[in-house]
Amino acid sequence: MHRQTIGEWILGRLMTQDHAAAIVGDLEENGVSHMRFWLAIASNVIHSISRATAMAAVKGCLVQFAFTLLLSPVVTVAFYFLPLRYFLWIGAISILPVQIFTAFWITRQKQKQPLLICLMIVLIDCALGLLKINNVSINMAIWSIPLLLATIAIDRRNRQKSIA
Amino acid sequence: MAGAAYLGEFEQIVLLAILRLGDGAYGVTIGAEIQKQTGRVPVSGALYTTLDRLEEKGLLSSAMGDPTSQRGGRAKRFFTVTGTGLAAITQAQRSYQNLMKGLRLPGLEHA
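Protein chains in written order, with our numbering: chain A, 1 to 164; chain B, 1 to 111.
A couple of the hints might just be wrong.
To be verified - With a straight-line cut-off of 35 Å between C-alpha atoms, the simulated DSBU-like cross-links for lysine-lysine are: (1) B:K57 - B:K36; (2) B:K57 - A:K161; (3) A:K59 - A:K161; (4) A:K59 - A:K132; (5) B:K57 - A:K59; (6) B:K36 - B:K101.
Simulated from the structure, these hints should not be mistaken for lab results. Note that the structure is a prediction, hence the values are computed from the model and not measured.
Using the sequences provided together with the hints, build the complete structure.
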């Protein structure tokens, strides 16, 4: 796949397709090298992060935490009644609905860049997972991919609905 | 100055570059004009985000041109300064001039 197509797709998640195509077209017209092309795409992504988007990402993490608290009774019951190996599995799988609920929450916000918010939440999740605070933080990082996929799918459906 | 939009330094540079370019103002030419007149190479992200922000503020308007093969079949996005934008940049420059009055800065004749 050409770099223009990939670059346009990335920018298209953060702005309208016309605007994304115009930026990539400008870069092509300037005849920039591969490195400068990707630096320009990264620069556009970083500059697109507004204060509102960053705040929404922090809120998203708090929402995740709230969902985790709602599920904690299930995990606690599993801890008392199931052998350890099953308990660990239930703990891990129970994070999946948390991530899907979070994806719904992100796309229901009146933010222009739901995917960017999702990516920021994923980065925060992964950072917390690497810190190995507890099993929940590690599971949250592992289950980041369903969060990302669910957000992409819901965002795409919402875009198609708005076009129709 | 009540009700007028506050303009940052880079926003003023971008608006002035678009005014200088007239009808041919799009990403590439705006960047080149800024570099030519100020010696500053604008960062891609900063330039396009500023253009979007100025459009949201109603100081700029944009329209898509025709796709060209030189740009891989992608259209140019042309920018024009609106009446509000012109008033805002005039006000901002007037403020600078008022601040400069009576000052003697090295290298400036009419400071």
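If you check each hint against the structure, which ones fail? When the structure is compared with the hints, none of them turns out to be violated.
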